[in-house]
Every structure is written in C-alpha cells, then in structure tokens.
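Visitor: Here is how the chains run, residue by residue.
Number of protein chains: 2
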Amino acid sequence: MISPALYLIPSTMSDAPATNVLPQFNIELVSEIRHYVVENVRTTRRFLKRCNPAIDIDALTFTVLDEHTDPAEVPAMLAPIAGGHPVGVISEAGCPAVADPGADLVAAAQERGIEVIPLVGPSSIIMALMGSGFNGQTFAFNGYLPHDAKARAEKLREMERLIRSRRQTQIFIETPYRNNRLIAELCSSLPSGMRLCVASDITGPTQEIITLPLAAWAKKKYNYDKKPTIFLLYS
Amino acid sequence: MISPALYLIPSTMSDAPATNVLPQFNIELVSEIRHYVVENVRTTRRFLKRCNPAIDIDALTFTVLDEHTDPAEVPAMLAPIAGGHPVGVISEAGCPAVADPGADLVAAAQERGIEVIPLVGPSSIIMALMGSGFNGQTFAFNGYLPHDAKARAEKLREMERLIRSRRQTQIFIETPYRNNRLIAELCSSLPSGMRLCVASDITGPTQEIITLPLAAWAKKKYNYDKKPTIFLLYS
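These protein sequences, in sequence, are chains U and E. The C-terminal position of the first sequence is numbered 285 in this note's numbering, with every residue numbered one higher than the one before it. The C-terminal position of the second sequence is numbered 285 in this note's numbering, with every residue numbered one higher than the one before it.
To be clear, the hints were calculated from the coordinates, so they are not data collected in a lab. Any given hint could turn out to be false.
Identical chains share a label here; the pair holds if one copy fits it or two copies do between them.
Stated by the list, open to error - Each computed SDA-like pair below joins lysine to any residue, with the alpha-carbon atoms no more than 25 Å apart:
#  : residue 1 : residue 2
1  : Lys200    : Ala126
2  : Lys200    : Ser215
3  : Lys270    : Pro54
4  : Lys99     : Asn70
5  : Lys99     : Ala55
6  : Lys270    : Leu206
7  : Lys205    : Ser215
8  : Lys99     : Glu78
9  : Lys205    : Pro263
10 : Lys99     : Pro121
11 : Lys99     : Ile77
12 : Lys269    : Ala158
13 : Lys270    : Ala122
14 : Lys99     : Gln74
15 : Lys270    : Asp108
16 : Lys205    : Gly193
17 : Lys205    : Ile52
18 : Lys200    : Arg216
19 : Lys200    : Leu212
Taking the hints into account, I'd like the entire structure generated from these sequences.
Guide: Here it is, written out as structure tokens:
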C-alpha cells in the first residue's frame, strides 16, 4: 500500500530501457498507481507498458495536463488523493514539473497541504551539467533563448556578464531545428576563449557531451539538427 | 565490457536502499569498474557494498579527490582510461561534479577528448524544484548564502529582484546548523507574500517538501536543525 500523495514520476527521455535510467522502486510504483495526470496519454501508455509489460492499461485513468489546460481545472485533478488514492504525474520526457505544466498541479497540492513525492529519474539539465566540467556551485537554467534579435543579443551579453562576475554556469535550450545555427551564432557573438558544452541525446544511443572553447567549435564539424540538445556556457 | 570512459556515478543521499534511488544499470556498472576517484573512501566503500554485497573491495583502487587535492594532480587520475579501463567518479552524496571537486576531473577529461558519461541518480536540487511547485522554466542555484551580513542582505535583495523581474526560481543552501535561523531571517527580510519551499532529507526517511508563503512560515513550528535541506524562493 502506498500513501495517498502526489507522485512525480520521471519518464525515459529516449528509447533507453527503463532499467537504465529509472530505479526499480519507480518501476514497481507505476504498477500500483491507478490515477495519472499526464502531458500526453499516448506516450504515457507506451512508457507504462515498457515499465511493466503486464500492466492493465484499461484499469487506469488518465487526465491530460498540458499547455492548453484551463488552470481552473487543475485542482480537481487532486481529487483521488482525498479518497485515499495516490496520483502519479508523468510528463512527456524527463522530470515532471521542472519545465512543464505539472508545476501548476504541484503548486495546487502544496496549497492544500497534500504530500508531494518527487522520484529519481533522468534530468537532462543536471546530467549535462555533470558532464560539462563547469561550475556546479552556482548555475542558472534559462529555458529557451529569446527569438527576437535584440532581446537575444541582450540575453547573450547578460549571460557573459554573469559568467564573468558570478562564475555562474549558464544553461539554455533552443528549438531543435535551430541547434546548428545557434552554435554558429555563439561562436560569432561571444569571446573565442569562452567554453561551450553541447549535450545531445542525453541517455540515448547517440549521446554526446562535448566541451570546447568557442574557437574550437568554430572550426569543428557537427550536426545537432533536430536532436534534443542542451547548451552550457562557462569561462 | 564497458567502454573506457569517465563514468559519473551518483551515490545514495540517505540510508534509502540503492534500488529506491538508482537504476539497475548503475548498480551493475559499479561491479565492473575497478578504478575509482572518490571524495571519501570510507563512504564510497560502504556505498559499493550496499550496491553489491559480494563486491571485492580489495580489488578496487581508490584515489581521493576532495577540496584538499592539488589541482596539478587531477589529470593523472584519468590514466587508467588510456590503458582501456573505465574510471568511476563517486562523491559523498548525490551527483558527482555538480557541487564538488569532481568537476575539475571532468574538465580535464573534456580537454583531452575523453568521453564523459553521467549516470542517473538523486539530485536534491532537481527533486526539490520538482516538489516545490515553482517555475522550472528558469531557475538559479546559488550554492551557500554569504555569511557576511552586508553581502547576505544584498544577495537576498538580488534574489527578490530576479524573482520579480525574471520569474526565476531561486535555490540555495545553508550550513545545516543554521537552517532554522535562516527561515526566521527570510521571514523578517522578504515580503510576507513570497513563497518559500523547504525541502529536507530528500530521499530519506524524514523527507519533507513544504511550500508556504513566508507569512505562514513565520507562524509555523518547524525544526530543520542539522538536517540536509534545500531552500527555494518564488513569488
């Protein structure tokens, strides 16, 4: 019997076997939870089947929480917990509630004094930081860089300043079809001695985590087009 | 046969069983690696025994990398890899190379073009962020708050500004015997409507992740004295 709480259940980020990236505890837990709040029902069904091929998917309830969900509908998703049933949150890839709408559900649970239990799983942000060799004592995750040219140039200058003055590692992402252009842009906009780490397909079959000075990236052959990739900058 | 690379192996953060917080892949991997770079030999031996009670500890080599290590000695720790042998990095608790000297070893590996492979494991920073309900689209980990009163007051004002202007979740830690005093200080220094999440003993038997407005913390009974705790602020 597991306690009636809100369980934040990381999912696999690639086609890696679940046992490569998730503790056995998580894999057993998903067989005990009946009520799920998910970003995408189809990918969640597939994920649950991979955790437990014998799982009875039809016995489960799935409520969608994505960027189109009306915030007013979020608190009702916690209702099973009041009835003594745990609720699991699963996002499309990686850790729920870190960069997706699950955070609203967690906030609603916290407001109501409902216990929230995050589970261990793959976080591309932390794994990229581990593999970069950059400062992990202080770092910032910036999400997507702005697309507007002026705001984008300002953001790059701000990151450069924070690296110099605070020694704060700067982490960010880009729409995957712009990955290659972004690297070229960083090479032409920032000091050539600054180091860039490109962490691509984390936990996947083509995983690559490469740290080089921008001067070396400018001469290197690479192709990260459409691959899930995280970028990190440091002096 | 595992490839000769630098493996970053998270360790358990509490007395939780290894299978609760580490993928089976990690548990099997530690039985195949012979060369370790570790923050603390005693805790690493205990960790390895818990992963595999049959492990032959005497067949392993341990090199210490801690805050007292001469940086000039770090690159030599990669020597087994050139000979075809993988090297594992294990820090005292949680993810190596995120907030410990392991990052220097990773940087040395990156400079030499040696493959770096981070494994999945418990990160108290990410798990606290998941459980907080705060913004995970942009967040900063600030390490320890300064102890000097003036620098500390400035840091609090800066975090308040970044929360308001950037909606950037602010994450930080404190020397554990000062945890209770820090909460009182935050209550008296910052706006009462700002929300504080206190995430304590993550993955441990007394795990508690509580988000409340500072006004509610000011009235609440709590005791986080000497417990490993992460603090998060958001509006």
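Visitor: Are the hints correct? Go through all of them and say.
Guide: Hints and how they fare:
1. Lys200 / Ala126: The answer is neither: 42 Å in one copy and 45 Å across copies each exceed 25 Å.
2. Lys200 / Ser215: For lysine 200 and serine 215, the Cα distance is within 25 Å both inside one copy (22 Å) and across copies (18 Å).
3. Lys270 / Pro54: Classified as between: cross-chain Cα gap 24 Å, same-chain 52 Å, threshold 25 Å.
4. Lys99 / Asn70: both (16 Å within a copy, 20 Å between copies)
5. Lys99 / Ala55: This pair counts as within: shortest intra-copy Cα distance 23 Å, inter-copy 32 Å.
6. Lys270 / Leu206: Classified as within; 22 Å inside a copy, 42 Å across copies.
7. Lys205 / Ser215: both (15 Å within a copy, 14 Å between copies)
8. Lys99 / Glu78: Answer is both; intra-copy 12 Å and inter-copy 23 Å each pass.
9. Lys205 / Pro263: within (20 Å within a copy, 31 Å between copies)
10. Lys99 / Pro121: Neither, since 29 Å and 48 Å both go past 25 Å.
11. Lys99 / Ile77: both (10 Å within a copy, 23 Å between copies)
12. Lys269 / Ala158: This pair counts as between: shortest inter-copy Cα distance 21 Å, intra-copy 49 Å.
13. Lys270 / Ala122: neither (49 Å within a copy, 29 Å between copies)
14. Lys99 / Gln74: Classified as both; 15 Å inside a copy, 18 Å across copies.
15. Lys270 / Asp108: neither (50 Å within a copy, 43 Å between copies)
16. Lys205 / Gly193: So lysine 205 and glycine 193 pass the 25 Å test inside a copy (12 Å) and across (23 Å) alike.
17. Lys205 / Ile52: neither (45 Å within a copy, 41 Å between copies)
18. Lys200 / Arg216: both (24 Å within a copy, 17 Å between copies)
19. Lys200 / Leu212: Answer is both: 19 Å inside a copy and 20 Å across each meet the 25 Å cutoff.
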